[in-house]
Amino acid sequence: MITLNTVSKRYGDFIAVDAIGLEVKPGEIFGFLGPNGAGKTTTIKMLAGLIQPTSGTVTIDGWDLAQHPIRAKRVVGFIPDRPFLYEKLTALEFLRFIAGLYNCSSNGVEQRITYLFRLFDLTEWQNELIESFSHGMKQRLVMASAFIHQPKLIIVDEPMVGLDPRGARLVKEVFRGFCAQGGTVFMSTHTLEIAEEVCDRIAIIQRGKIIAAGTIKELREKSGSEGSTLDSIFFKLIGGEEVQKVVEALRL
Amino acid sequence: MDEIKTLLSAKIRSYKNASQRGGKRKLLRAIIFFSMALLFWLGTFFVFFKVLSYFSSIEVIGTLLSSKLLSMVFLTFFSLLIFSNVITALSTVFLSDDLQLLNALPLSRPQFYAARFIETTVNSSWTVLFFSFPVFLAYGMVYSASLSYYLTLAGVIIPFLLIAAGAGIMLILLLVSIFPARRLKDIILLVSIVLVVGVFLFIRFLQPERLVDPESFYLVMDYISNLKAPTSPIIPSQWAVNAIAPFLFDTGEDWWLFILVLWSTGLAFVVMGEWLFERIYYDAWSKAQEAKTARLTRSKLMNRLIELLFKPLPSQIRVVILKDLRIFLRDTNQWPQLFLIGALIIIYIYNFSVLPLERSPMPTFYLQNLISFINLGLAAFVIAAVAVRFTFPSISLEGRAFWILKSSPLKLRTLVWSKFWVNFFFLLIPAELLIITTDLLMNATPFMIWLSAITIAGMTFGITSLGIGFGACFPRFNVENVSQISTGFGGMLYMIVAISFVGLVVILEARPVYLFFISKTRGFPLTGVEHLEIMGLFTIAFLLNILAFIVPMRLGLKKLATIEM
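Protein chains in written order, with this note's numbering: chain A, 1 to 252; chain B, 253 to 817.
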């Protein structure tokens with residue numbers, strides 16, 4: 001579903017993403033982990049077509065994003081970490097707008113909008129202006145909009161930010177259900193528990209390079225930490241054992 | 253005292269850091285802004301110097317006029333300062349992002365108040381102070397004032413600013429206690445603009461040009477008696493005038509008494525503000541946090557109508573247009589601008605309806621067509637000014653939600669062209685109304701009316717394209733207020749190019765129109781060379797319109813494709 005081939009992104013002298021390569025198969029939930037400033041959001045933005053790679057190619061559903069951006073974007077639903085929306089539209093108008101952008105404004109779209117409002121618990125707010133929404137409500141609205149055109153791939157940056165525990169559980173279930181029906185999810189997250197719980201495969205990025213990728217089992221083997229949690233594997237791989245000690249000390 | 257210093261140093265450092273970043277581009281912008289400010293400063297000085305020199309040469313009422321003008325200047329500054337302080341205090345005391353952090357800290361209230369008072373005073377007063385300086389300098393030079401005038405002026409200005417800031421902060425504290433803070437800014441702006449427009453229209457409809465008519469000369473007697481009437485003695489601006497007037501006009505009043513009144517009132521306002529702040533600030537601030545919800549006044553009929561109107565369009569274009577229209581109608585920041593534009597157009601048409609063409613010594617036929625040609629340029633200028641407010645910001649108005657369009661399968665070309673056509677018709681309708689109405693009011697010839705109507709339609713293509721294109725080349729997605737978009741570097745550049753374009757088209761058409769009318773007035777047919785000249789110049793004007801239509805859109809599209817979110 002996604003192929004990243006030696007993709008790099010430079011900002012002047014600074015290399016945000018350094019020749020990374022990845023393959024994400026249809027039907028899997030792929031977790032993209034890394035410390036702050038590692039290059040996660042830059043990679044996600046390149047996948048969503050918001051920024052262009054300095055070199056390398058991004059292929060989505062067989063379409064080269066640089067050569068066929070419209071065809072590639074048609075199969076993607078993107079959920080950014082910060083939900084900047086058109087504040088002066090109502091939630092209903094916003095979903096109709098997104099449906100129109102994806103050219104699906106006729107057949108069954110109203111039923112789908114009703115279904116998504118119910119799914120994301122926004123039915124009673126559908127006629128309110130978005131500017132009156134809380135961060136969590138906006139985040140749920142963006143998620144609803146990402147599913148409106150029945151995409152094959154969901155790209156999501158920090159899906160749990162701003163969500164309450166109920167919202168977070170809902171999102172996990174939605175992603176699992178989506179993948180069970182053949183959809184693919186590519187998500188970046190800081191929350192290691194969620195990655196461990198939800199993701200089929202994981203890649204860890206540090207200083208713009210992918211330092212490990214595979215299932216949790218494969219990562220354990222690679223890091224030589226049999227039976228460890230993803231926390232320990234993560235800190236071992238990014239060389240943050242000292243940080244882990246501090247974290248544990250704080251927990252006490 | 254330490255807390256005040258710490259609070260202010262954070263602001264000063266932020267300004268310093270912001271000014272040090274941005275490199276050459278920022279430096280260029282700073283140079284252009286500084287040059288324009290300097291030009292404005294010099295212009296103000298020149299105008300006041302000329303006017304005051306003229307006043308000083310008039311016997312009997314000259315000094316009276318200068319003194320009255322000084323009262324008006326101080327009153328205007330005082331009103332501006334109060335207005336500016338109210339708007340600034342709303343941000344610094346209630347809406348600023350850092351307040352969430354600061355209000356959670358164990359800050360002493362008087363010190364917090366003092367820091368915000370200083371910040372509000374500086375932010376709201378520096379522009380007024382900067383532009384008032386040439387006025388006071390002109391007074392000093394024309395009336396050969398001594399050093400004591402300038403020293404007294406400094407002693408007057410400081411308490412004057414304190415009074416305005418104190419009044420502004422107290423007013424906003426009381427207003428926020430009553431009304432929701434997030435709607436207040438819109439309400440204050442809207443009411444002020446409506447008031448200003450109302451006063452402006454009122455003055456215009458009084459027909460001040462009649463003053464030059466000898467038949468209404470009796471008005472002068474009324475005028476002098478009005479000049480002698482004292483201005484209200486309880487307004488601080490009058491105290492300021494009374495304090496400095498003796499140093500200009502040798503009137504020998506008790507200037508020190510007014511300085512004392514100014515200082516005691518200024519300091520009293522600072523203390524009163526602090527007293528009020530301690531008592532009601534936290535309640536008002538908490539209330540401001542709760543009042544985020546905005547009620548939407550929706551007309552279902554209106555919604556249905558605009559949906560029906562655009563139904564035949566392809567889905568992507570239709571939803572973009574509907575979204576833009578809804579946001580435009582619901583954004584209260586746009587309303588004051590609409591009022592201003594509306595007033596501008598009414599005044600423009602009204603001016604043409606009262607033009608005394610029949611009294612001119614020139615042949616009416618010639619004059620009517622000459623003025624209708626000038627009208628063409630002026631109307632295009634008005635349309636360019638409307639476009640800088642509405643068309644230029646249309647790309648920037650996508651704001652931080654631009655990621656939605658950029659990550660969707662919408663072609664940027666579709667986006668840009670749908671914005672173009674909406675703006676084109678939005679500009680074309682007032683442009684044609686303006687030009688045809690004014691031409692009819694002046695009884696211009698059918699040839700001139702057709703020429704003007706066709707030319708303005710052509711120029712509207714160019715003006716719209718320039719607006720969208722420059723707006724895409726210089727987008728400002730992060731501004732808080734829509735009016736900030738057009739006042740930036742890109743907006744200024746757009747205005748310069750748009751005015752040059754309008755000017756060039758008018759110049760290119762001037763010669764053919766002149767030749768045509770000369771031949772008509774004299775009754776000689778046009779020669780072959782003249783025909784060629786007319787065709788050539790019209791062709792160049794046509795090509796210029798085509799260029800202005802195509803090039804900016806292409807450049808804008810190119811730039812938009814490279815923008816990274």
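If you are wondering where the hints come from, they were derived from the structure by calculation, not from laboratory data.
Note that CB positions come from ideal geometry on N, CA and C, so glycine has one too.
Hints should not be assumed to be uniformly reliable.
Unchecked claim - Derived list of chain A stretches under chain B, where covered just means 3 residues or more per stretch with a C-beta under 8 Å from a C-beta of chain B:
#1 46–55
#2 72–80
#3 88–98
Hints and how they fare:
1. 46–55: Per the Cβ count (5), the hint holds.
2. 72–80: n = 5 at 8 Å, threshold three: holds.
3. 88–98: holds (count 7)
The structure agrees with every numbered hint stated previously.
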